[in-house]
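Please construct the entire structure, taking both the sequences and the accompanying hints into account.
Here are the chains, one letter per residue:
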Amino acid sequence: MPEIYYSKAVNEALDEELSRDHNVVLIGEDIGKYGGAFGVTKGLWDKYGAERLWETPISENTITGIGVGAAMLGMRPVVEIMFMDFIALALDQLLNSASKLHYMYHGQVKVPMVLRTPGGAKGGYGPSHSQMLSSLLVGIPGLKVVAPSSAYQVKGMLKTAIRDDNPVVFIENKRLYPQKGFVPENDYTLPIDKAIVTSPGTDISVFCYSSMTPVCQAVKLALKPLGIDLEIVDLVSLQPLDRETIFASVRKTGKAIIVEEACLTGGVGAEVSALIAEHCLDSLEAPVMRVGAADTPIPSSLELEKFVLPQAEDIIQAVKRIRDYC
Amino acid sequence: MLTNDQLLHFYGRMVTIRAFEEKLSELFTTGLLGGTSHFCIGQEASAVGVVGASRATDWLVSNHRGHGHLLARGLDVSRVMAELLGRLTGYCGGRGGSQHLCSYSEHFLGTNGIVGGGLPIATGAAFALKYQKSSDIAIVFFGDGASNQGTFHESLNLAQLWQLPVLFVCENNFYGMSTPISKTIARADGASFEVPSGTSGVTGWVTPRAAAYGIRGTTADGRDVEAVYAAAEAAIGRIRAGGGPELLELMTYRLCGHSKSEPRVYRTREEEETMREHDGLAMLPARLAERGVPGETIEATAAAARAAVEEATQRALAAPYGGRADALGGVFEEMRQ
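So the protein lines, in turn, are chains F and A. Using our numbering, read the first sequence as starting at 1033 and increasing by one per residue. Using our numbering, read the second sequence as starting at 96 and increasing by one per residue.
FYI, nobody ran anything at the bench for these hints, they're computed from the structure. Idealized CB from N, CA, C, for every residue including glycine. Watch out, some of these pointers could steer you wrong.
Selected chain F positions facing chain A (in silico; Cβ < 8 Å) [said to hold, decoys possible]:
no.	residue
1	1128
2	1137
3	1141
4	1197
With a cut-off of at most 25 Å between alpha-carbon atoms, the simulated DSS-like pairs for lysine-lysine come out as follows [as the list claims (entries may be wrong)]:
no.	chain 1	residue 1	chain 2	residue 2
5	A	228	F	1142
6	A	118	A	355
7	F	1154	F	1338
8	F	1338	F	1212
9	A	225	F	1065
10	F	1226	F	1284
11	F	1352	F	1338
12	F	1079	A	225
13	A	228	F	1079
14	F	1352	F	1284
15	F	1212	F	1154
16	F	1142	A	225
17	F	1212	F	1256
18	F	1074	F	1212
19	F	1284	F	1256
Calculated from the model, a selection of chain A residues having no Cβ within reach of chain F, i.e. all distances over 12 Å [stated by the list, open to error]:
no.	residue
20	362
21	386
22	395
23	396
Spelled out as C-alpha cells, the structure:
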C-alpha cells in the first residue's frame, strides 16, 4: 500500500471520479493551473483542462448555486470553497436551496453535488481563516456532513460522496493535508455515514473527527503506560451521526469524551453528549466530558492560538476527571 | 409578429392568471389558505409574452411572484391550486406551496422564496445545458428588488464570462415590496422615478447594469404582451444561436399589493388609477377586435378561462391533505446501488 499525503488522497479521488464519470466537474477559485490554495487539485488542469475544471470569480454564493442548478440537470459538480470560513457567503444556496429542493419538490429533483472545504486552524491563520464550522451545518436537514481524518478515509469517502445523489458538505482539514497515510492501490470506496472505531479499547470511549482524531490517537499512546486504555471512535459522519456505533462503544466502556476542533457551545460534542444521555444513561459510570475550542474567535498569534484550540493536554485532563470520578 | 390565434391564446392565458390570482385572494379571506402569497395582477403580459416565446423544453426559474410564470408554461391549474392549498395532489404534495413550486417534467425548475435566489440556479442550469451541448436555454424571472442582491451581479458576471445560454428577465414593477426603485437602484444619469403612464418611452433601471458586464440588455413595455413577445423572441433566438446571455427588463406594474391584502400606504390611489388605465390585460379585447377577431370569440375565450379556474379550484378544494408520513419522509434521495 502506498503512503500518501491527505491532500494527495483528495486529489486522487477527484482524478479517479473525473475519469470515471463525465458528469463530474470541479468548480472553484484558483483550482486550475495554480492547483488550488492548498495544492489539492494540482495536475488535474493538465489532465482534464478547462472543460472539466471551471475556475470562477470570487463569488461563493453563486458558484454554490451553479452547483445546485447543474446538479438538478444531471451533473455531479464538486464545488470548492477555499476556506471553510467563506461558507458564510455560500450559506443561502446551501441552506435554502441545496438541502431542501429534493424534499420540498416532493422528490422530483435530486441534487448530487459535493461542496468541499477545508476547515480548522493550521497555525496562525487567524479569526476568519481558521474555523471549524461543523456545528453551523449539522442542524440543516437534507445536508450530509462528513469530516474524514486520514488519507484512507478521505479518498474512499470523497468518491462515495461524489457518487451520492444528495448534497454532501465534505469537510477537509488544513492541518491534515500534509499528514501521510496508507491507501489501497485498488479502486475502493467507504460508506460516508458510518463511524469508524480506529483503535479499540476498554476503559473510555473517545469520539472525535477531523484533525482531532490523530491527536486522540497520540493521547491514547501516551496514556497506555498509565494503564488507561482509550477506545478511539472517529465519528466521520456528523450528519447523520452513526448512533449504533456510538451507543455500542459507550455501553462497552461506560464512559465518554467527545473531542472536536469546533467551539464547545452547540457543537457536535453537545449533540453526541445529549444522545448518550438519552439512550445510554444506564451504562454511564461517569459524566460525559466534552473537549473543544473555547467560545472565542481564534487569535492570529501562534502563541495565543493554542489557548483557544483544544490541545492533547485538555483531553488528558478530561480523562483524569473521569478517572477521579470513578 | 403574433398571429390572431396566438394573440387570442395569450389572452386566454392572461385571463387564467388574473382569475387564478383573484380566486386566491378570495380564498385568503375565507381562511382556507395559510401563510402568504404574492399576486401578479397587472403583470400577466410579461409572464405570458416571455414564456410564449420560449419552447417547452427551455428551463424556467421563477421567483416569489411566480404564479404567472408557471401558469404561462401551462402547468395544471388544479394541481397548482392544490399545492397552494397544501393538498397531497399538488405538484409538491403540499410541501412547497407558492414559493417553492416545481414541475420538473414541464421544465419548470421552481419558484423561489429568496429574493435573488433563483439567479445562480438558472445560471447553473444554463451551465449544464452548455456542458451537455443542448440547444435549450435557461430563463430566469426576478424583480427590480433582486437586482440589488449580490447573486444578480455574480450571476451576470459568470454567465457572460462562460457565455452561458441564459435569459435574465427582470420584471420591474417599480416597488420592492413597499420601497420604490428610486430609493434602491443607484444610477449614473440621475433619471427620476416615473411610473410608465404611457405605453412607450419606458426608461430601464436594471438594463444599464447589464451593460457593465458586456451583456446585451433590452427594455420593453412589460404590460404589452406583443412587445414582450417580440423582445423575448429576438433575445431567445440570439441566445439559442450561441450569442451568450442577455437581459430583458420589462417595465410593468402590479395592480395589487405586495402580498395578500396589504394596504399600499407607499403609493397613491391616483397613481394606481392611472396605471389601471394601462392594464395590459384590459387593453387586449380591443386590440383583438381591431385585428378582426369576433367579439363573441374574445368573450368566449375569457369565459372559458375563468370557468376552468373555478372548476380547477373546486377540484383542488376537494383533494386530501397528506399525513404524518408525507411530512416526514423523503428528506434524502435513496441511493440506487
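Each hint tested on the structure:
1. 1128: At about 5 Å, which falls below the 8 Å cut-off, the nearest Cβ of chain A leaves the hint on residue 1128/F intact, so it holds.
2. 1137: At about 4 Å, which falls below the 8 Å cut-off, the nearest Cβ of chain A leaves the hint on residue 1137/F intact, so it holds.
3. 1141: holds, 6 Å
4. 1197: holds, 4 Å
5. 228/A <-> 1142/F: Holds, at roughly 21 Å.
6. 118/A <-> 355/A: At roughly 12 Å apart (the allowed maximum being 25 Å), residue 355/A and residue 118/A satisfy the hint.
7. 1154/F <-> 1338/F: Roughly 11 Å separates the two Cα atoms, so the pair holds.
8. 1338/F <-> 1212/F: Since the Cα atoms of residue 1338/F and residue 1212/F sit roughly 23 Å apart, the hinted pair holds (cutoff 25 Å).
9. 225/A <-> 1065/F: OK: residue 225/A and residue 1065/F at ~23 Å, within 25 Å.
10. 1226/F <-> 1284/F: holds, 18 Å
11. 1352/F <-> 1338/F: Holds, because 21 Å separates the two Cα atoms, which is no more than 25 Å.
12. 1079/F <-> 225/A: Holds: residue 1079/F and residue 225/A sit about 21 Å apart, inside 25 Å.
13. 228/A <-> 1079/F: holds, 22 Å
14. 1352/F <-> 1284/F: Holds, because 19 Å separates the two Cα atoms, which is no more than 25 Å.
15. 1212/F <-> 1154/F: holds, 16 Å
16. 1142/F <-> 225/A: Measuring from Cα to Cα gives roughly 20 Å; hence the hint holds.
17. 1212/F <-> 1256/F: Answer holds: residue 1212/F to residue 1256/F is near 24 Å, not above 25 Å.
18. 1074/F <-> 1212/F: holds, 17 Å
19. 1284/F <-> 1256/F: holds, 18 Å
20. 362: Nearest chain F Cβ is 30 Å from residue 362/A, so the label holds.
21. 386: holds, 40 Å
22. 395: holds, 35 Å
23. 396: holds, 32 Å
The structure shown violates none of the earlier numbered hints.
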